[in-house]
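**Q** Just so you know, the protein sequences line up as chains X and P, in that order.
Per my numbering, residue 22 is the first one in the first sequence, and the count goes up by one each step.
Per my numbering, residue 2 is the first one in the second sequence, and the count goes up by one each step.
The set of hints was computed from the structure by calculation and includes no laboratory data.
Pairs of lysine-lysine, BS3-like flavour, derived with a Cα cap of 30 Å:
#1 X:K84 <-> P:K84
#2 P:K8 <-> X:K69
#3 X:K88 <-> P:K84
#4 X:K69 <-> X:K79
#5 X:K77 <-> P:K10
#6 X:K83 <-> P:K12
#7 P:K8 <-> X:K77
#8 P:K10 <-> X:K83
#9 X:K84 <-> P:K9
#10 P:K9 <-> X:K79
#11 X:K83 <-> X:K69
#12 P:K12 <-> X:K88
#13 X:K83 <-> P:K84
#14 X:K88 <-> P:K9
#15 X:K69 <-> X:K84
#16 X:K69 <-> P:K12
#17 X:K88 <-> X:K77
#18 X:K69 <-> X:K88
#19 P:K9 <-> X:K69
#20 X:K88 <-> X:K75
#21 X:K75 <-> P:K10
#22 P:K8 <-> X:K84
#23 X:K77 <-> P:K12
#24 P:K10 <-> X:K84
#25 X:K84 <-> P:K12
Treat the numbers as computed from the prediction; the structure is a model and nothing was measured.
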Amino acid sequence: MNPFSSELWSPYVVGAGIGVLLWLGFLLSNKAIGCSTAYARTSGMAEKFVRGDKVKEKPYYKKFIPKIDWEWMLVLGIVVGALISSLLSGSFRIERVPQVWENSFGSSQILRFAGALIGGILLGFGARMAGGCTSGHGISGTSQLSLGSWLAFLFFFIGGILTAVIIYGGI
Amino acid sequence: MLEELYKKKRKQLLLGFLIGIGFGFLLDRGGATDFNIIVNQLLLRDFRVLKIIFTAVITGMIGVHLIVRYLPPELQPKPCQWKPIIIGGLIFGVGFAILGLCPGTATGAMGTGAVHAVFGVIGMLLGAGIFASVYTHIEDFMGESDLGPVTIPESLSINAWWIILTFSIVLIAIMFFLERVGL
Chain X
22 MNPFSSELWS PYVVGAGIGV LLWLGFLLSN KAIGCSTAYA RTSGMAEKFV
72 RGDKVKEKPY YKKFIPKIDW EWMLVLGIVV GALISSLLSG SFRIERVPQV
122 WENSFGSSQI LRFAGALIGG ILLGFGARMA GGCTSGHGIS GTSQLSLGSW
172 LAFLFFFIGG ILTAVIIYGG I
Chain P
2 MLEELYKKKR KQLLLGFLIG IGFGFLLDRG GATDFNIIVN QLLLRDFRVL
52 KIIFTAVITG MIGVHLIVRY LPPELQPKPC QWKPIIIGGL IFGVGFAILG
102 LCPGTATGAM GTGAVHAVFG VIGMLLGAGI FASVYTHIED FMGESDLGPV
152 TIPESLSINA WWIILTFSIV LIAIMFFLER VGL
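Produce the entire structure from the sequences given, and follow the hints as far as they go.
**A** Have a look at this one:
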């Protein structure tokens, strides 16, 4: 069987591969893989486009300067990598309402898009408050044995599991 | 030689992009770009996502600590601001379940044709923007519980390799158990 056309790989192969990418990030770029600061920077760039250079005065954007950096390129790469993967495996398809969502909330596209938007707002806000996301804390930070990252990883899943059980679990 | 490479801005942006392509490819092969697989993980019905994360952490822990031991890069742990981490982490978790994707996997899902993920990405940009706007009001809260960029070995005064060994054994044991019970 050609591994490039098989849709799902063993989670252990995928996990080890992601671990190796983490090494490469450290080794070649002196960077830890993470995604959520790219959102803060993009948001700053969008705001700068609308409101001009005043945005630079915001204290948060002095810490996270709104510009394209290594992590931003990484996030862009994720889109391309997932596109290549799904085209090779044939799993690329337009998905508007995922199955598990539909089981709980029905097939309304508007409802799903609104849910995704609200979920995204909470994720974006929470990630910046916690100082990272599932990759920055959950994989990179935990691999460095950072105390705060293990704590964040725990609470991402506590919040996620409780919410999922309430909204999709049929309780 | 490596330090020279870190200073080359264009090459670094390209490296970030290439590592991102590898990351997106693997996330998709692992199923982590699929809403259904992530939500089934949060419902504890399918442990594929945690198996990926645990294996990545074991591989990452060992390699990263070897790299910082023998080569120029140093560890860059994030500050342990435990109050914002707990509250922000819980808010993140609620969003994680509703969107069914996280900041990295949502962009990956966009690449696989998930239209709803685009709304998630827009939401995350708004959420990050809202945080930037309220940051000055919560700056004190953000800083008051800051323990600094501490690592677990530092806070326990134990050699990092003992922690790596212990965590690896525990995570492998959990994965063995999950395979055993068919999750």
